[in-house]
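> The sequence shown begins at 1 in full-length UniProt numbering and counts up one residue at a time.
Calculated from the structure, these hints are not laboratory results. What you are looking at is a predicted structure, and each value in this text was computed from that prediction instead of being measured. Keep in mind that the hints are not guaranteed to be accurate.
What the hints assert, rightly or not - Below are the SDA-like pairs computed for lysine to any residue, each with C-alpha atoms no more than 25 Å apart in a straight line:
| # | residue 1 | residue 2 |
| --- | --- | --- |
| 1 | K110 | V87 |
| 2 | K110 | H27 |
| 3 | K90 | F78 |
| 4 | K110 | R43 |
| 5 | K90 | P147 |
| 6 | K90 | Q36 |
| 7 | K90 | A9 |
| 8 | K110 | F19 |
| 9 | K110 | R129 |
| 10 | K110 | R82 |
| 11 | K90 | S18 |
| 12 | K90 | I141 |
| 13 | K90 | L24 |
| 14 | K90 | H54 |
| 15 | K110 | H58 |
| 16 | K90 | T135 |
| 17 | K90 | E103 |
| 18 | K90 | F19 |
| 19 | K110 | P79 |
| 20 | K110 | R14 |
| 21 | K110 | A145 |
| 22 | K90 | H27 |
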Amino acid sequence: MVTEVPLEASAEARIRDSFGQQGLMAHLGAELADLQRGLTVIRLPYRPELLQHHGYFHAGATSAIADSAGGYAAMTVFPEDRSVLTVEFKLNLINPARGERLEAQGRVIKPGRTLTICQLDVWAENSGRRLHVATGLQTLICVSAQPRP
1 MVTEVPLEAS AEARIRDSFG QQGLMAHLGA ELADLQRGLT VIRLPYRPEL
51 LQHHGYFHAG ATSAIADSAG GYAAMTVFPE DRSVLTVEFK LNLINPARGE
101 RLEAQGRVIK PGRTLTICQL DVWAENSGRR LHVATGLQTL ICVSAQPRP
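Could you put together the complete structure from these sequences and hints?
So this is what it looks like as structure tokens:
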């Protein structure tokens, strides 16, 4: 596991800039709430458009913020000239996700030169209470940073 410590300012700026370019995260209304070496937290406020037919946060929204949280957690341990792509992830939805917001945490559990493994966890927050709604694992690959087309 990677020790959770603050990032250098240049790494934090690079990752926050990358998050700002994420069209899906902007579309969903997600925010990058915490960023440390080996740990990222993304929050997603409630909006009716993010719900499925039973009134819970849609699994697509839940998995999207979990995937991004893990990806950015991995990026914090990569060299500055490298980027990240998800190779695979599995997310178990363990409770219905209902509340004022979701919070996804990605945590590096095994950094690697090529492949990095992250733990993914998502909580629903409602009236100050947190309910664990999803958990999973993710494999990411370290790739050359490329300018956005």
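> Evaluate each hint against the coordinates.
Against the structure, the hints come out as follows:
1. K110 - V87: Measuring from Cα to Cα gives roughly 15 Å; hence the hint holds.
2. K110 - H27: 31 Å, violated
3. K90 - F78: 22 Å, holds
4. K110 - R43: 24 Å, holds
5. K90 - P147: The given pair, whose Cα atoms are some 28 Å apart, is violated under the 25 Å limit.
6. K90 - Q36: Holds, at roughly 23 Å.
7. K90 - A9: Answer violated: K90 to A9 is near 32 Å, above 25 Å.
8. K110 - F19: Holds - the C-alpha atoms of F19 and K110 are around 22 Å apart, at most 25 Å.
9. K110 - R129: Given that 25 Å is the threshold and the Cα spacing comes to 30 Å, the pair is violated.
10. K110 - R82: Holds. K110 to R82 sits at ~17 Å (cutoff 25 Å).
11. K90 - S18: 23 Å, holds
12. K90 - I141: 16 Å, holds
13. K90 - L24: OK: K90 and L24 at ~19 Å, within 25 Å.
14. K90 - H54: 23 Å, holds
15. K110 - H58: 29 Å, violated
16. K90 - T135: Roughly 8 Å separates the two Cα atoms, so the pair holds.
17. K90 - E103: 17 Å, holds
18. K90 - F19: 22 Å, holds
19. K110 - P79: Holds. K110 to P79 sits at ~16 Å (cutoff 25 Å).
20. K110 - R14: 22 Å, holds
21. K110 - A145: At roughly 21 Å apart (the allowed maximum being 25 Å), A145 and K110 satisfy the hint.
22. K90 - H27: Satisfied, since the Cα-Cα distance of roughly 23 Å is no more than 25 Å.
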